[in-house]
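Fit chain B to the given chain A structure using the hints.
There are 2 protein chains.
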Amino acid sequence: MKKENKEASETKKAGKAGRKQEKDAGSKDQLKAEIKALRARLVAQQQLVREKGLPILVLVEGWAAAGKGSLINELISEIDPRNYNVTSPVITPEALSRYPFLYPYAKAIPENGKIMFYDSGWMEDCVRKILCRDITKDAYKKRVRAVNEFERQLRDGGYLVLKLFVDISEKEQRKRITALRESFETSWRVSPEDLWQMDEHDAFRKTYESFMEKTGEVIPWHKLDGSKRSLAARDALKLLVTAIDKALAEGRYVGKPFQEDFPLLKMPKLRNVDLSPALTDEEYDKELKKLQKRLGELHNVIYLKKIPVILCYEGWDAAGKGGNIRRVAKPLDPRGFDVMPIASPEPHEKNRQYLWRFWTRLPRSGHVCIFDRTWYGRVMVERIEGFCEEDDWKRAYNEINEFERQLTDWGAVVLKFWIHVDQDTQLQRFNDRQNTPEKAWKLTEEDWRNREKWPQYEQAIDEMLEKTSTKNAPWFIIESNDKKYARIKALRIVIDALEKACKERLA
Amino acid sequence: MKKENKEASETKKAGKAGRKQEKDAGSKDQLKAEIKALRARLVAQQQLVREKGLPILVLVEGWAAAGKGSLINELISEIDPRNYNVTSPVITPEALSRYPFLYPYAKAIPENGKIMFYDSGWMEDCVRKILCRDITKDAYKKRVRAVNEFERQLRDGGYLVLKLFVDISEKEQRKRITALRESFETSWRVSPEDLWQMDEHDAFRKTYESFMEKTGEVIPWHKLDGSKRSLAARDALKLLVTAIDKALAEGRYVGKPFQEDFPLLKMPKLRNVDLSPALTDEEYDKELKKLQKRLGELHNVIYLKKIPVILCYEGWDAAGKGGNIRRVAKPLDPRGFDVMPIASPEPHEKNRQYLWRFWTRLPRSGHVCIFDRTWYGRVMVERIEGFCEEDDWKRAYNEINEFERQLTDWGAVVLKFWIHVDQDTQLQRFNDRQNTPEKAWKLTEEDWRNREKWPQYEQAIDEMLEKTSTKNAPWFIIESNDKKYARIKALRIVIDALEKACKERLA
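Sequence order for the protein chains is A and B. According to the working numbering, the first sequence is numbered sequentially starting from 39. According to the working numbering, the second sequence is numbered sequentially starting from 39.
Keep in mind the hints are simulated off the structure, nothing from the lab. Don't take every hint at face value.
Copies of the same chain look alike in the list, so a pair counts if it works inside one copy or between any two.
Unchecked claim - EDC-like, lysine to aspartate or glutamate: derived pairs with alpha carbons at most 20 Å apart: (1) Lys90 with Glu476; (2) Lys145 with Glu384; (3) Lys477 with Glu89; (4) Lys145 with Asp376; (5) Lys541 with Glu223; (6) Lys167 with Glu231; (7) Lys480 with Glu116; (8) Lys331 with Glu321; (9) Lys213 with Glu484; (10) Lys368 with Glu112.
Here chain A stands alone, though its shape is the one from the complex (with noise of 0.2 Å):
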């Protein structure tokens, strides 16, 4: 690691006296004591860790057999269950996976105020997979871009992230993975990979190395003996607590915005948008029928080539989605879609990194999901009406598009829609829903209040769609004054989309 961080070199000065010490006679003691102290401490601080909402994820990796079970043991045996969790992601081969490799680890985050333990995590599963030949050096890398890319939002979300690796030498491992063998009650803990990994040390190292210098930079990596479990047990205590008082005395984290550089299409100003296209009613049912016939031949080839679609829709109330949605489903086949509503976040969402809900609602590869309203709220509603920090929606820019290119890496076909109306037109809607029994419900208050901010929302739309209209996850604004016409060319630009995909890719 270049910028060799202060912490982890401090954390090796200590596990090296650790060592030394180790040998003197009373020693064994000595360190006894010392983890019964840290362990008091860290159970003193989840009440506070509670109270405040600190969310806490520990990520544990290092090598089979290194003992990463019994050091997570070690950090949780004092813990009150309620407030931790450990997860250990199955990692799939890339064939069998239907969904981004971030998605086990992005699903498992912590809510505030819980500590989740990962017995081996994203680190594992890009280095297992480049050595196996599973992913080409391309996906590699952008595997690796999108760690940085998600231990980053986390930590600018205010998530405390720790990520340790419990290294042994060769001779260790092959000593412990030749015991787990020999009985019958542990031998099956041995997979062919750890053997692999056994007569492959070599290559390993340097991947795992070179691994934690590409991701070391935004939240360090720190190197544990696994030699010796009692010395790794005190030296992650010692890092964790650590980590937690500092976290809680310098209060909840937010990160400062930044703009990466992303190939960003020119969008048009909402007032400058031309509302006049129409269609009449016969050229509408003519285009709907070709075009529904030919989305519905095309959804055949994407769930054959296994292509995920990410539709998102977001617009003006009463400016039409739901009518749009429908007629872009219709000719779907209901096993291969789903449409995903998103309203108001629930308190177990909310608890979350804002991402958190829409990363769970991913459809599997060859699925297509429909986003009804989507993570665009973050700088929308949520911008407006103050629901998080100006930091929070400023840097959100940059990471919703990192999260779409983390999508279309993945080989996800993105689009998205702005449903366009002017305020004239939704004046009309609106009281043509109010004054109609059967669409009033459709009406709220809210509906009403929103519509008095229009200026703000016209800012932050604009605003929107001039940094988040990405090459690979575009934005159409989709004119809808006239619906027929708007739903006819939502459709022919999903169709356009899909042919394009299904042109590109095998199956």
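The following block gives chain B in isolation, referenced to the frame of chain A:
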């Protein structure tokens, strides 16, 4: 079906009449108009379904290529996407599934005010498995029983459950499958299982029929003629609209309690439990070490033999549940167990049948799940605080026994602990917590309030122990005036049960 349902026979009549009509000239337009009118009613019903919070589950089963998907598409085409979802559970080979067979279906139940369409579900999962010889006859029988229990529990919990079976003849199926296989874009839709079903038409028909007969008493089946798509759509729409009207008119259904004959273990009344047993520190330390070592070994075996283990902790406030759980969890490999703290349900949990939040927390086979409080909240706090109706908690004894039998039929070891102290000991511990700063957070106003209701709780607990200590999922009263004694006792019970299970099961 012996007890032919009135509605179902009306549908059949309607179906016959419809088929006759179709032959008439002009009847096509009439049918179209009929479908349009039914859809309009369904659209209008939506608002009421949402307002009244009626959860609707529509199960669509039937032959491969019978048109289940397009039927669902006809049903949903005008519904607001916010109000419904479609789920198509993936039927995995028995050997690959690590959960009870109802798990994916129970996970997908709709929340109040929403409609969930199952694009095939538990029927197909049962019929295909028995015809594949994937499960034994005995397992099949248990599945049928579980299906009846599951459906009844949903109905009794206020769900509208509608079950449709789309029927086509052998000839029709062969024609359709052949057509699908002829085009590149659709040939992948035909699975080897579909071809196999086509060739074994008679065996499938017999098993479908017998399954419907065995599961038609609680919630009736409705057969639809899949050979004419529009007629099937019309009939399904009519059934759905009629059922919703009925449910809305009658108001939320609350099932009556009834007691099935479960083999119950005799439990003592709480007031007769001798709470004097205690251990010296020396005895405790020695036993704890020995038992934890043994439990650690057994954890390996149950992991290897894929035995699911579910430990349920209930007990008085300050009885020592947390410390007891930690002693049991300590020797377990963290990647093989989870502690599930159960607090009051969150909104999205309250909006579903009360067992849903436990179904979704079940461990994978081979894993240990420790529930810190459980589904028994239904017959304790929910009963006493009036969070559900009297019939609800009275019915729950039976429903819980059924749920737990489904777990043990799946292969789970289910053990339930009541951590018991007397009132004096509780008071002492409350005071102790109050006077110790680092423990004070554990004590809440609610604990004091609950303490005042000790007599009501004691009555509820006695009734719970009496009615739900089944042979397959027994209760154990853990005397915890002395916490050390309690921990050792719980550990011994867990070890005994796991040793027995490990001996009985093959790897």
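Status of the hints after comparison with the structure:
{"no.": "1", "hint": "Lys90 with Glu476", "verdict": "between (46 Å within a copy, 16 Å between copies)"}
{"no.": "2", "hint": "Lys145 with Glu384", "verdict": "both (16 Å within a copy, 18 Å between copies)"}
{"no.": "3", "hint": "Lys477 with Glu89", "verdict": "between (44 Å within a copy, 14 Å between copies)"}
{"no.": "4", "hint": "Lys145 with Asp376", "verdict": "both (19 Å within a copy, 16 Å between copies)"}
{"no.": "5", "hint": "Lys541 with Glu223", "verdict": "between (52 Å within a copy, 14 Å between copies)"}
{"no.": "6", "hint": "Lys167 with Glu231", "verdict": "within (11 Å within a copy, 32 Å between copies)"}
{"no.": "7", "hint": "Lys480 with Glu116", "verdict": "between (51 Å within a copy, 15 Å between copies)"}
{"no.": "8", "hint": "Lys331 with Glu321", "verdict": "within (16 Å within a copy, 77 Å between copies)"}
{"no.": "9", "hint": "Lys213 with Glu484", "verdict": "neither (66 Å within a copy, 54 Å between copies)"}
{"no.": "10", "hint": "Lys368 with Glu112", "verdict": "between (54 Å within a copy, 9 Å between copies)"}
The structure does not agree with numbered hint 9 stated previously, though it agrees with all others.
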